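Enquirer: Residue numbers (my numbering), protein chains in the order written: chain A, 1 to 529; chain B, 1001 to 1379.
Be aware that one or more of the hints could be misleading.
Claimed, not checked - In silico lysine-lysine, DSSO-like type, Cα no more than 27 Å apart, as pairs:
1) K1247(B) - K359(A)
2) K1247(B) - K339(A)
3) K406(A) - K1247(B)
4) K110(A) - K121(A)
5) K1273(B) - K324(A)
Claimed, not checked - Residues from chain B that face chain A, not an exhaustive set, calculated with beta carbons under 10 Å:
6) W1120
7) R1123
8) Q1194
9) R1297
10) S1305
Please keep in mind that the hints were generated in silico from the structure rather than gathered at the bench.
Everything numeric in this text was worked out from a predicted model, so none of it was measured.
Don't be surprised by glycine CBs; every beta carbon is placed ideally from N, CA and C.
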Amino acid sequence: MISLRKIGKQFPGVRALHDVSLDIASAGTGEVLGLVGENGAGKSTLIKILGGIYEAGTYRGEVVIDGVVQAFRSTLDARRAGIAVVHQELALVPEMTIAENLMLGREPAKFGIVDAARLEKTARAMLADVLGEHDPEVERGGLGPTRGIDLTTPVGHLGVGVQQILEIARALADRAKVIVLDEPTAALTDGETAKLFELVRARKAEGASFIYISHRLEEIRELCDRVAVLRDGELVTVTSPDDDLVGLMTGNSDVERARVRTGSVWGKTVLSVKNLRVAHPNLANRAVVDKLSFDVKAGEVVALAGAMGAGRTATLSALFGTAKAGMHGEIRVDDVVVKIASPRDAIAAGFAYVPEDRKAMGLVLGLSVTDNLALSALGRMSRLGVVDGARVELSALARLRELSIKAGLDMEVATLSGGNQQKVVIGKWLELAPRVLLLDEPTRGVDVGAKAEIYALIEELTSKGHAVVLASSDLPEVVRLADRVIVLREGSPVGTLERAEITPLAIMQLAVGTVASIMVKEALDETRA
Amino acid sequence: MKLERSATPARHGDPSTWIMAAVLAGLWGVLAVLPATRGVFLTQNNLATLLVQSSVLLVISVGMTMVILIRGIDLSVGAGVALTGTVAALVQIKLGMSAPVAIAAGLAVGAILGGWHGWWASRGIPAFVVTLAGFKAYRGGALVLSGAKGLSPMHDDFAVLAGSIPPVATWLVVGTALSAGLALTFRDAARRRQLALAPLTTRTVALRVTGQVVLAALILVVFADRGMPVQVLIAGAVAVWGVFVTKRTRFGRHLYAIGGNPEAARLSGIDVKRTTIGAFVIVGVLTAVAGLMLAARVNGVTPGSQGNLLELDAVTAVVIGGTALAGGRGSVVGTVLGTLVFSTLSNGMNHLHVDSNLQLIFTGLILLVAVQISKGKRS
Chain A
1 MISLRKIGKQ
11 FPGVRALHDV
21 SLDIASAGTG
31 EVLGLVGENG
41 AGKSTLIKIL
51 GGIYEAGTYR
61 GEVVIDGVVQ
71 AFRSTLDARR
81 AGIAVVHQEL
91 ALVPEMTIAE
101 NLMLGREPAK
111 FGIVDAARLE
121 KTARAMLADV
131 LGEHDPEVER
141 GGLGPTRGID
151 LTTPVGHLGV
161 GVQQILEIAR
171 ALADRAKVIV
181 LDEPTAALTD
191 GETAKLFELV
201 RARKAEGASF
211 IYISHRLEEI
221 RELCDRVAVL
231 RDGELVTVTS
241 PDDDLVGLMT
251 GNSDVERARV
261 RTGSVWGKTV
271 LSVKNLRVAH
281 PNLANRAVVD
291 KLSFDVKAGE
301 VVALAGAMGA
311 GRTATLSALF
321 GTAKAGMHGE
331 IRVDDVVVKI
341 ASPRDAIAAG
351 FAYVPEDRKA
361 MGLVLGLSVT
371 DNLALSALGR
381 MSRLGVVDGA
391 RVELSALARL
401 RELSIKAGLD
411 MEVATLSGGN
421 QQKVVIGKWL
431 ELAPRVLLLD
441 EPTRGVDVGA
451 KAEIYALIEE
461 LTSKGHAVVL
471 ASSDLPEVVR
481 LADRVIVLRE
491 GSPVGTLERA
501 EITPLAIMQL
511 AVGTVASIMV
521 KEALDETRA
Chain B
1001 MKLERSATPA
1011 RHGDPSTWIM
1021 AAVLAGLWGV
1031 LAVLPATRGV
1041 FLTQNNLATL
1051 LVQSSVLLVI
1061 SVGMTMVILI
1071 RGIDLSVGAG
1081 VALTGTVAAL
1091 VQIKLGMSAP
1101 VAIAAGLAVG
1111 AILGGWHGWW
1121 ASRGIPAFVV
1131 TLAGFKAYRG
1141 GALVLSGAKG
1151 LSPMHDDFAV
1161 LAGSIPPVAT
1171 WLVVGTALSA
1181 GLALTFRDAA
1191 RRRQLALAPL
1201 TTRTVALRVT
1211 GQVVLAALIL
1221 VVFADRGMPV
1231 QVLIAGAVAV
1241 WGVFVTKRTR
1251 FGRHLYAIGG
1261 NPEAARLSGI
1271 DVKRTTIGAF
1281 VIVGVLTAVA
1291 GLMLAARVNG
1301 VTPGSQGNLL
1311 ELDAVTAVVI
1321 GGTALAGGRG
1331 SVVGTVLGTL
1341 VFSTLSNGMN
1351 HLHVDSNLQL
1361 IFTGLILLVA
1371 VQISKGKRS
């Protein structure tokens, strides 16, 4: 039994946690405990205490494992005590290989000299054990991207989804008593998520327990045995996953649920893409996107769906001029052919881009909210190169209100919640009044409330005549927002779904292909039963 | 349209700037009362000497701040000082040209060197390597051009750079600068009213006005009766220009964005290459300015040693001033204070008769302490 007793944590001016007590079974029978709450509710703080990131003595209360009070001074202490944490932010070294990352900190070595061959062999065994790759039945279920991968590939060359799987594999291999998964599916496709759930259930049957943190309540309902709800640093309740979690999290049971998009007035075609081909960044003669054509009208949201690596992000980044190995195809904005070789060209043509990784690509974390909101439009707010500070502030204030960004102008963007950061990334484009918004995973890692606000914002923008191209692995999100869905598989379109046809199952069927889709359907039916 | 007041406190600069200002004031206080300095530290004479001695380093440090802000560095400035000085000296001594021609030639060389660094750096070659190459090459260039011989003396017209402006002109310059500073403060206030923004707080206005007045008064106390040295005038102008560029121009704001996150900057439509080249051209030109100032001050050039270690002194001053070597954080105001702290320490240690070799050790330790202070403050 692992018990948290009356845990409290104070930051300057903020009470992050107050009197939180929780028990997690850790011997004999495993369990999956869901941990939910809006951003800032204290979930991260709690697991940082459990995982040894906040040292003993910097918080109140006790962490007790099997009756013994623990005083973790480091993450290593926590790991020795049987607690493994998979953080939302990836903790892999991009320049090192898959094998090296899996074996980080436990490299087989003699006299300090690493035995590379043994390292790779052990890593492969570890991966196979965790993922059950040897089992053909499991192989079909998903996690395709890790199959047949060369373990000497640097991790940085892999997609975020695969990296996430590696990190989870590393934690599972530790044979920890309690494994904390913080938003593990944020970067995973539905197939990969299903596979992850399978792994979690298998480990649970072997006696391991999980603390599962997710904004996706459907996952909580599917996977968890119990759910702990945090609000403003306090434990609201520990309840059944079928309870009204949104109500408990927000403290308001009348919270607006998914609202279906009402038909907007569609204008003329804003963006027209013909025969787009995006070359593979490393392999000659290969393409990550091929034969892709689509139109987006004013006020329309066209979603690109598909498995991880199907070409969603590649399409958006190519349209924004960042395709490393070049692209072909005709791109028209407002019926004018545009040539896009750089982000500056794309911006001049009327594109705005909200990248999937906001911290690495969307924000300058060390700068203020105002400075970030002014990033792309500073030229418009200067005269002879001299910035009109008052205008910059005026425009930033307008953004704060339009997007209800809960932050002060001078706050460092790094200190904002995920939802508010994402709104800043969207907000920095609005001064330019872009024609086409390219949104890549616009609600990844943001809480329920902010998600609803971002959806409302996207709808407001389309109602003003902006065209939106959305890439998302979150199927409910695609269903909620899209007027049309183009499903990609291995870089090429395999089908288009119009408004009434858009369902998660229809998208999945197209995305994974017909044979597999039968399996997916069965899996979906099973979970419903 | 009614806009609510911004709920956030107004900015009063980076806290490390205030700490550095306090450190500088503290140092001056201590040096003034220490018996070993025999009360000469806070005299007009000594402060004038201190400021003249800081001038060359300050000019270079302002440029260094800009390249460090974008995660770069310029290790070639010391050698650049020798090369640009040599070029100017040759134009005067060998070609018999006037000072303006010599100065123009020096500046042009500086701009070209900077452009060269920027061109490579903007193509992804680490600035450390590019300018390390310059560190070697320009020293060699200076030696080759001069035939490895000292060049001296400069013509009389060049000595303007080492002279002083008359007291009347000093009053005029300081007065103009002060009026411009005050005008800018009130223009800011007016512009905010015009756009219906929350007005500048009385505290902000008072701080800015007091700061400017105190600074002007200090300068006048030191230089009003003897006239301001041209070296100090140039350094002061470069510093004011540097503060303005980094704080208030698009180029300057882009430096912070690129240093903070180059990928996000590029994806926001910022021309990262051009801005990078711009920053290196600036440090190149300022290197030339410093090279000309130094050539005037010592009335000639010793190509083998002129400007030795200046690159490291400049990095030290910038880092003491709170600018992060990792880029994206820092300020020219901090650099000015860092330079003054650095110069004060060597000036003070001279008064205390500290052995010059020991001074090196202390300077090294102080650098570490300064970095620790600015790091500790951030977390």
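Enquirer: Next, verify each hint and record whether it holds.
Expert: Against the structure, the hints come out as follows:
{"no.": "1", "hint": "K1247(B) - K359(A)", "in the structure": "holds, 24 Å"}
{"no.": "2", "hint": "K1247(B) - K339(A)", "in the structure": "violated, 34 Å"}
{"no.": "3", "hint": "K406(A) - K1247(B)", "in the structure": "holds, 26 Å"}
{"no.": "4", "hint": "K110(A) - K121(A)", "in the structure": "holds, 16 Å"}
{"no.": "5", "hint": "K1273(B) - K324(A)", "in the structure": "holds, 17 Å"}
{"no.": "6", "hint": "W1120", "in the structure": "violated, 20 Å"}
{"no.": "7", "hint": "R1123", "in the structure": "violated, 15 Å"}
{"no.": "8", "hint": "Q1194", "in the structure": "holds, 7 Å"}
{"no.": "9", "hint": "R1297", "in the structure": "violated, 33 Å"}
{"no.": "10", "hint": "S1305", "in the structure": "violated, 39 Å"}
The structure shown violates the earlier hints numbered 2, 6, 7, 9, 10.
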